[in-house]
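Asker: Residue strings, one per chain:
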Amino acid sequence: MNKLEYAPSAPTQGTKPRTNGPRIHTAHADDSPESPPVLRAAPDPQAVPPVRTIVLDRPPEPVRPPAQREAVRRALDADGPERLRLEDVSVAYSSKTAVRSVSLSIHQGEVLALIGPSGCGKTTLLRTLNRLTELTPSATRSGRIVLDGHDIHDLEDTALRARVAMVFQQPNPFPMSIFDNVAFALREQSRRRPRRPELEPLVVDALRRAGLYDEVKDDLHRPALRLSGGQQQRLCIARAIAPRPEVLLMDEPCSALDPISTGVIEELIHELRRELAVVIVTHNLAQAQRVADKVAFMYLGDLVEYGPAQQVFEEPRAPRTRDYVRGAFG
Amino acid sequence: MSAQGGLSVAAAPRRGRGSSMRTWRWSDRLVWLAAWGAGLLLCAVAAAIVIYMGYRGVQYLRPSLLFSHPQPSGNQAGSGGFLDPLIGTALLTVIGIVLAAPLAICSALWIVEYGHGGRVRQYLTRIVESSIEIVAGTPDILIAVFGVAIFQLHFLRFASEGSEGGGVTGRSFLAAGAMMSLIALPPMFIATRDGLQAVPTHMREAAFALGKTRIATIRRVLLPSVRPNIATGVTLGISRIIADTAIVLVLLGDELRLSPHHGGLPVFNLLRGAGSSLTSYVYDNSPAGEGAAPQKAYAAAVVLLLFVLLLNLAVESIARRQSRSGGSLAIGGFV
Amino acid sequence: MQRLKKPWTDHRAELLLGAVSLSTGLIVLFMIAFVTARAWPTFAHNGLSWLAPGGSLKVQVEGMLATSTKPPASAYHVRAWPIIYGTLLITGLAVLLALPLAVLSAVFIVELAPLALRRTMIRVVRLLASVPSVIWGLLGILVLVPFLGNHVITAAERTSLQNTVQLTGAGLIIAVVLLTLMITPIMVALTCDALAAVPGAWREGAAALGVNRLRAIRAVTLRAVRPAIVAATVLATARALGEAIMISMVSGSVFFSPRPSDGVAFLFEPVRTLASTIVDFREGLGGAPALNSTLYAFALLLLFSVFVLSLAGYLVKLPLRKYQVRG
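Chains as they are written, first to last, in the numbering used here: chain W, 1 to 330; chain P, 1 to 335; chain U, 1 to 327.
Derived by calculation from the structure, the hints in this document are not laboratory data.
One thing to keep in mind: the hints can contain errors.
To be verified - If you anchor each label on the Cβ, the simulated ranges turn out as follows:
1. P:G57 / U:L117: 22 to 32 Å
2. P:V45 / U:L51: 31 to 41 Å
3. U:I32 / P:F155: 17 to 27 Å
4. P:A48 / U:N150: 14 to 24 Å
5. P:S259 / U:L65: 19 to 29 Å
6. P:W26 / W:D205: 25 to 35 Å
7. P:H202 / W:P137: 27 to 37 Å
8. P:H202 / W:L202: 45 to 55 Å
9. U:A155 / P:P228: 53 to 63 Å
10. U:W8 / W:P137: 55 to 65 Å
11. P:W26 / U:L65: 54 to 64 Å
12. P:E255 / U:G55: 30 to 40 Å
13. U:P146 / P:A90: 29 to 39 Å
To be verified - Just a sample of chain W residues kept apart from chain U, beta carbon distances all over 12 Å, derived:
14. P117
15. L199
16. N284
17. Q310
18. P316
Heads up, the beta-carbon is just placed ideally off N, CA and C, and yes, glycines get one too.
Hey, can you work out the whole structure from these sequences and the hints?
Answerer: This is the structure:
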C-alpha cells in the first residue's frame, strides 16, 4: 500500500492536511443525500456489501467550528519563539545507548511529533527534556539542552519541571478530588501555600483550557479516579497546564484511549499549541499526520529526519523515512 | 546531524542540579529531619538492646548454666542453672507446633482448594478466615485466661493435676501447650495459605489432566511445593511460642523444676505436670517475680534473645532462598 | 444433566478438611462463651457501675483474696475504673507516640534512606519486632527503673506524694516508653509494605509536576497509604491493650490512678492496667469465686475492647475508600 488510508483525498498547497480521524458517520439531521447508506437488516448474500458506517449515539463536539479552526491555524504559520533547543544530545542506560546525537529545535506555537518504531529512543528523548530520566539511576546524558537560553543541567529539577510539563501514556490522576488534582502543582510548587479562593479561578481556567470543565463543573470535589479514561487523561492535561508551563511533553497520550477521546484530545492539542510548545511522542502515524507541525523521525537512537510534517510525510528525504511512513516496517 | 563533540555518554555526569533544600518549605525540612531522626532512633534502640544484652551475657552467662538444674536457694551462686526451663520451653514448643500444624495446614488447604464456588462455601471461608484473624488479634493473656477456663473443666482433668477440694488445677504442660498452639496457628496458617495461593493453576490442572484426584494432587503436588512456606510458618510459630510469657505464667503452674504427675504413663506424666519455661524463669528471677537473682535472669534472657535471633535468621534465609532476587521490602511476615 | 460425582476419597477429604478448619471457629465461640460465663457473676452483682469509680480497688480486690468458696454477695463488690483508666491512659499515650514515630520511620526506610542503610533498617525493625515482652520488661525493671528512681525523681516530688503513693521509678513513663517501642515495629512494617506498593505512576506524575521529593511524599504517597496507616494503628492498639507482662514488670503493681494535676510527678506514678492485673492475680483464676469472677470480668472487658477496636478500624477506613483505585 503506497498511500495511508486516512490521508485526505485532495491535499492542497498551503494548508496542512487535517482530518479528525476516520470517517465517522453521525446521525445528524442534516445528512446529505449522497452519504453512504446505513447497513440494512438482512443483506442480500449475492450483492456486494455496502460501505459500513459507524453510527454514534452521541456526536463528538468540536471545540470550535471548522471554519474558525482554519483561520486560527493560518494565523500561526509563522513560528513562535524558540523554547527548547537540543544540541547533540545523547542518552544511555548504563552503556547501552538509547539516543545518539540528536539536535532539534522546538518553538512555541508548533507541535513537534517524535515518531519511529518501538525502541527507537523517542520516549527516552522526551523524558530527557524534563530530566525525568534521572529517576532511573543508570541513566546518563551528554550534550546540551537549552530552555529559553538556560542549560537545563544548571536549573533545579523542580524549577525545570515547573516550566516543562509532562503527560503520560496511562492517565495517572492522584487519589484525590478533581479540584485537588488540578490544584496540586499550584499548591506544591510555591513556597507559600495559596488559599482556596486564589486557586479556584486558576483551576477553573485550567479545566476550561483542557476542555474538561463542562463535564465536571457540577462537582469538582468528586474523586478523580471515578472519571472515565478519556476524562482522566484530560484531567492530567489540565493538571499539567495549570501552572502555565512553557513546554508540554506528551508521551503517547492517546494510546490507552478510545477514538472519541482521542479526537477530543487532538483537538485540545491544536488549541494548546498557541500558548505552549508541544512535543508529542506517538507511534500512530495517522495521529502524527493530524496533529503535527514538525516531525522528527527516529530509528534505533538516531534522528533520521526532521522537518515540517507535510514534507516528512509526503516527500521524505531519507529512504528509511519513506519506508516507515509508507508502512514497510513498524 | 551527528556532530561529534562533548563528553562521551558513559563519562557524562549523571544528574543535573537537584532542588536544594534551601528552596523547600520549613515544614518540609522539619519532616525530612524528623524522618531521619526517627529512623536513627530505632537503630539506636536496637543497638542499645543488643549491646547491653551482649554485655550482660558475657558477664553472667556460663555454659554450665545451660546444663544444671535450678535449685531453690537464697543466693545467686547456689541457685543453679536453667536446664529445666529450657526443657520446659522445648516441650511447650513441640506440643504447640504438633497441635497447631495440622489445624493450620488443613485450614489453609480447605480455604484455597475447596473454599470457592457457591455462597455457602464462601460464607464458611469467611468464617474460618475471620476466626483465625480473631485468634491472631487476641492478646496472649486472654488466651491464657481462656485456657484456664477450659482446662479446669472436670472432663479435662486428665490433662492436668487434681487440686484440693476436688477441683482441677488446669495447669500443666498440656494445657499450656494447647494454648500455645493457638498462638502459633495464625502465622502458620497465613504462610501456608499464601504459599498455596502462589502455586500456579497450571500445576493443579496438569495433575488433574493426568487423572489424579484432588486429594492426591494435594498430597503429591501441592504440599511438597509449599514446603518452604510451611517451614517459614513453623519457624515463625516457634519464635512466637518461645517468646510468650503470659500463657506460661498462667497455665504452667509455679514450679521451678519439672515436676511430673505421679502414677500413670511416663511421658504423659511429664506432660500433665508442672514446670517452668525460659520466659517464666526470667520473670520469676527478676524483681517482678520472687527472685532477687538478676544475674540468672540476665543469663536466661540472653539465651532467649539468641534463640529468637537465630530463628529470625532462619526465616530470612528461607525467604532468600525462595526469592532469588532478594531485597524485597516485605517485613510483614514477622508481625 | 447428571451432576458429576466426586471420587469418594475426595469427598471424604473435603469433609475432613472442612471440619478441621471450622474447629477454629468453634474455638473462638467457646472462648467467648466461657469467659462470659465465668465473668457473669461479677456483672450480676455489680451491674454497669462495675465500670465506674468508687472506693479503693486495692481494698476490694485484695479483700477477695481472702474469701471462701461460697462468698456473700458483698464480696463481689468491685469498681474497676482505676485500672480501666490506667489501660486507656497507657494505651492512648503509647499509640499517640508510636504513630508519628512509625510513619516517619517508614518514610525514612522506603523513601529517604540510601540502599545499604535501608537493608540495615529492615533488619533493625525485624529485630525490634521479635524481642520478647519479658526482655523489654527485664531491661525496664533492671535498668530504667533504678535509673529513674535514683537519678531522676527528686526528693521533693517524693515527699509531696508520700501520703498517697510511693514513687519508686516504676510507673507510667517507663511503661509508656517501652510500650511505644514495642508497638512501633508492627506499624513500621505495615506502613513500609504499603508505601512500597504505591504505584510508581503517581510518584512519576508528582515528580513531573516539579514538586520536590518530600512534598511529593507528603501530598501524594502518604495520602495514598492512609488506609494502611489506619490498619496499622488498629493492630498496634490491640497489641498495646493486651500487653500484660511488660507492664506488670515496670508499672509499679499498685492500684493507683495517676493524676495529671500532680505535675511532673504524674509521669512517675504507678499504674495498673486490666491485663497486668490479671497477671498479678493469676493464682486467683480457678480459685475463690469472687476473685475468679472479677478476673474473668477484666478479661471479658479486654476481649470486648479488642472487638470494638477492629470494628472502629473498619469504620474509619470506609470513607477513605472513595479516593482509592476501584477494586
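Asker: Now look at each hint and say whether the structure bears it out.
Answerer: Now for the hints, and whether the structure bears them out:
1. P:G57 / U:L117: 22 to 32 Å: holds, 27 Å
2. P:V45 / U:L51: 31 to 41 Å: 36 Å Cβ-Cβ, so the 31 to 41 Å window holds.
3. U:I32 / P:F155: 17 to 27 Å: Check passed, 20 Å falls within 17 to 27 Å.
4. P:A48 / U:N150: 14 to 24 Å: With Cβ atoms ~19 Å apart, the hint holds.
5. P:S259 / U:L65: 19 to 29 Å: With a Cβ separation near 25 Å, S259 (chain P) and L65 (chain U) satisfy 19 to 29 Å, so the hint holds.
6. P:W26 / W:D205: 25 to 35 Å: 30 Å Cβ-Cβ, so the 25 to 35 Å window holds.
7. P:H202 / W:P137: 27 to 37 Å: Given range 27 to 37 Å: holds, Cβ gap about 36 Å.
8. P:H202 / W:L202: 45 to 55 Å: For H202 (chain P) and L202 (chain W) the Cβ distance comes to about 54 Å; the hint holds.
9. U:A155 / P:P228: 53 to 63 Å: holds, 60 Å
10. U:W8 / W:P137: 55 to 65 Å: holds, 59 Å
11. P:W26 / U:L65: 54 to 64 Å: This hint holds: roughly 58 Å between Cβ atoms.
12. P:E255 / U:G55: 30 to 40 Å: holds, 36 Å
13. U:P146 / P:A90: 29 to 39 Å: At 33 Å between Cβs, range holds.
14. P117: Correct as stated: the minimum Cβ-Cβ distance to chain U is 24 Å, above 12 Å.
15. L199: holds, 14 Å
16. N284: holds, 22 Å
17. Q310: At roughly 31 Å from the nearest Cβ of chain U, Q310 (chain W) sits farther out than 12 Å, so the non-interface label holds.
18. P316: Fine: 32 Å to the nearest Cβ keeps P316 (chain W) off the interface.
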